[in-house]
Amino acid sequence: MRMLFGDQSLLSRFISVIKVALAVITILFPSQAVSYQLAISNERSDEVLLHDAEGRVLRQLLSCKRPRGMLVEPVNQDLWVACSDEDAIVRIDPESGEVKQRIAGFSGATNLALLGSEQLIVSNEGAASVSLVDTTTNVIVSQLPTGNEPDGIVYSADHKRIFVASENAGVVHVFSSEDFHQEALLLTNLRPRRMAINKDELWVSSEMGSRVEIFNAASLQKMDRIIFSPRGFRSEQLTPVDLIFSSDGLTAYVALGAANHVAIVDVVTREVEKYILVGSRAWGLELSPDGTRLYVLNGLSDDMTIIDLESRRPIASERTGLVPHAVEVVNR
Amino acid sequence: MPKSYYAFRAIIDREFARFIQQRTRLLSALVRPLFWLLVFAAGFKSTLGIAIQAPYATYTPYDVYIIPGLIGMVCLFNGMQSSLAMAYDREAGSMKVLMTAPISRRQLLVFKLLAAASVSTIQAYLMLLIALLFGVDIPLNGLLVALPIIFIVAYALALIGLLLASTVTGMENFSGVMNFVIFPALFLSSSLYPLWQLEESSELLYWISLSNPFTHLVESIRFALYLQFQPWVLGGILSGAVLLSYLAPVVYKPNA
Numbered sequence: 032m033r034m035l036f037g038d039q040s041l042l043s044r045f046i047s048v049i050k051v052a053l054a055v056i057t058i059l060f061p062s063q064a065v066s067y068q069l070a071i072s073n074e075r076s077d078e079v080l081l082h083d084a085e086g087r088v089l090r091q092l093l094s095c096k097r098p099r100g101m102l103v104e105p106v107n108q109d110l111w112v113a114c115s116d117e118d119a120i121v122r123i124d125p126e127s128g129e130v131k132q133r134i135a136g137f138s139g140a141t142n143l144a145l146l147g148s149e150q151l152i153v154s155n156e157g158a159a160s161v162s163l164v165d166t167t168t169n170v171i172v173s174q175l176p177t178g179n180e181p182d183g184i185v186y187s188a189d190h191k192r193i194f195v196a197s198e199n200a201g202v203v204h205v206f207s208s209e210d211f212h213q214e215a216l217l218l219t220n221l222r223p224r225r226m227a228i229n230k231d232e233l234w235v236s237s238e239m240g241s242r243v244e245i246f247n248a249a250s251l252q253k254m255d256r257i258i259f260s261p262r263g264f265r266s267e268q269l270t271p272v273d274l275i276f277s278s279d280g281l282t283a284y285v286a287l288g289a290a291n292h293v294a295i296v297d298v299v300t301r302e303v304e305k306y307i308l309v310g311s312r313a314w315g316l317e318l319s320p321d322g323t324r325l326y327v328l329n330g331l332s333d334d335m336t337i338i339d340l341e342s343r344r345p346i347a348s349e350r351t352g353l354v355p356h357a358v359e360v361v362n363r
Numbered sequence: 017m018p019k020s021y022y023a024f025r026a027i028i029d030r031e032f033a034r035f036i037q038q039r040t041r042l043l044s045a046l047v048r049p050l051f052w053l054l055v056f057a058a059g060f061k062s063t064l065g066i067a068i069q070a071p072y073a074t075y076t077p078y079d080v081y082i083i084p085g086l087i088g089m090v091c092l093f094n095g096m097q098s099s100l101a102m103a104y105d106r107e108a109g110s111m112k113v114l115m116t117a118p119i120s121r122r123q124l125l126v127f128k129l130l131a132a133a134s135v136s137t138i139q140a141y142l143m144l145l146i147a148l149l150f151g152v153d154i155p156l157n158g159l160l161v162a163l164p165i166i167f168i169v170a171y172a173l174a175l176i177g178l179l180l181a182s183t184v185t186g187m188e189n190f191s192g193v194m195n196f197v198i199f200p201a202l203f204l205s206s207s208l209y210p211l212w213q214l215e216e217s218s219e220l221l222y223w224i225s226l227s228n229p230f231t232h233l234v235e236s237i238r239f240a241l242y243l244q245f246q247p248w249v250l251g252g253i254l255s256g257a258v259l260l261s262y263l264a265p266v267v268y269k270p271n272a
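Just so you know, the sequences run in chain order S and Y.
The first sequence begins at 32 in this note's numbering and counts up by one.
The second sequence begins at 17 in this note's numbering and counts up by one.
Here chain S stands alone, though its shape is the one from the complex:
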């Protein structure tokens, strides 16, 4: 060092200059760290765990039998959890884990969606129906028949229609969200699981059809399909389940189940741009609030792969509980 800087005072001056430069850089380019956490329901270990944004387990939020679908209430940020083997749904504070509300009477509650600010719609896997529940009175106000094993629930962009996928029946039921009458029945490929709405398009994943089918959410006509075929996999391994759109609606991410990959799809061209290797049986998906990360739950390897969406590379896989099912961003 003496050879480089001559004497100690010059070295300390150099260090001071570096410190000042770093301080200027910090002021000019403040770090835009987004603060949020993740809640993950784990079917086999009967728990909902809280993770930090890097995927590390922080603590257990809830213990209930076979927790599966979850949603975050937009107003109070509380977390609703479908506890399938307790035939109940539970509302908890996602920070403390305090149970604030519990409503029973759902046969194998699988997934849930918000209907306005005071009603929830819950798919009952064991009863081939969805239940409408008033969260202010804890009363199930209506039961709508669906096909066997109803799973995913979504709304049209104008909130006038409710779509419910019945995986065992191979159909999507279309209900009016005003009077809840059945408007139509969409025939899909084998085992429709999850759906996502992008403007006027309804995307439905077909678990046994190795594809996503695209319907017009207004006319209910089938518009297109995307068949997945990453190299080295047989079609029966391609079992898409969860799907999610980027906030600009231009990119779709599809978890390919037993193919252990996530597909990145260009929404406009319908082309698969990239397949990203993740863990075993990729199902649940969630985007970070700033849209730069995709969280992928791997049901059979009991972990979660974090994908950096700018480089489109997996950056880490972190342990979860046993058989992780759904992931939601909480405490943002």
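Calculated from the structure, these hints are not laboratory results.
Each residue gets a CB set at the ideal place from its N, CA and C atoms; glycine is no exception.
Wrong hints could be hidden among the right ones.
Unchecked claim - DEER-style ranges, computed between Cβ atoms:
#1 Y/Leu163 with S/Ser148: 55 to 61 Å
#2 S/Lys96 with Y/Trp248: 46 to 52 Å
#3 S/Glu126 with Y/Pro229: 49 to 55 Å
Once you have looked at the hints, place chain Y on chain S.
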């Protein structure tokens, strides 16, 4: 300029002239690992990606996994080939001419090894460049960080080759040793498959592979590519290289 500098320049120039002129040698040095990468890895692409092991933070495709092993393969083959050249030099008598240079035998051998390691490193980076062109996901910052490690590994492998060349007399015997050294070193290591997979098949093979120095050379490259270091392994490689460099002139007899 010291005399040793001119001797070093002469040896380096000779090694590079040989490297450039022997185009088939360069071609075969690249074709061998690329064959593994583009053909073998394509067949095994979906077999890996089922477990995470250090230094990887997530699931790894097979073509990414074997990159450090292929770098090791390039260095291993070139190290052995340089040794073969030294055996040839010894038989042809050109080594005796080199020995007339005004430097010690130890310096001469170390310069030969440095030249061989430089050629190995260049070959390894040419292979990496082609792999990148074929879309293999290699961390670019790791390529820079791994450079000194790849050079040290190349030096160590050339040194092992030199010691082999010292103990074997006659070209025919040496080519036999190459077969008995290169293939076991390659296949009984973590270069082409992770050791946990070998352990599932045979615990004996696992322990043999774990005690294979080539495994640790490859792993040091693997860790460096992902900006991680195993100080004990690296220290072992460096101290082994220094010790063997010291012993090399004792065992290498240019007129054997």
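Now the hints, each set against the structure:
no. : hint                               : in the structure
1   : Y/Leu163 with S/Ser148: 55 to 61 Å : 60 Å, holds
2   : S/Lys96 with Y/Trp248: 46 to 52 Å  : 47 Å, holds
3   : S/Glu126 with Y/Pro229: 49 to 55 Å : 53 Å, holds
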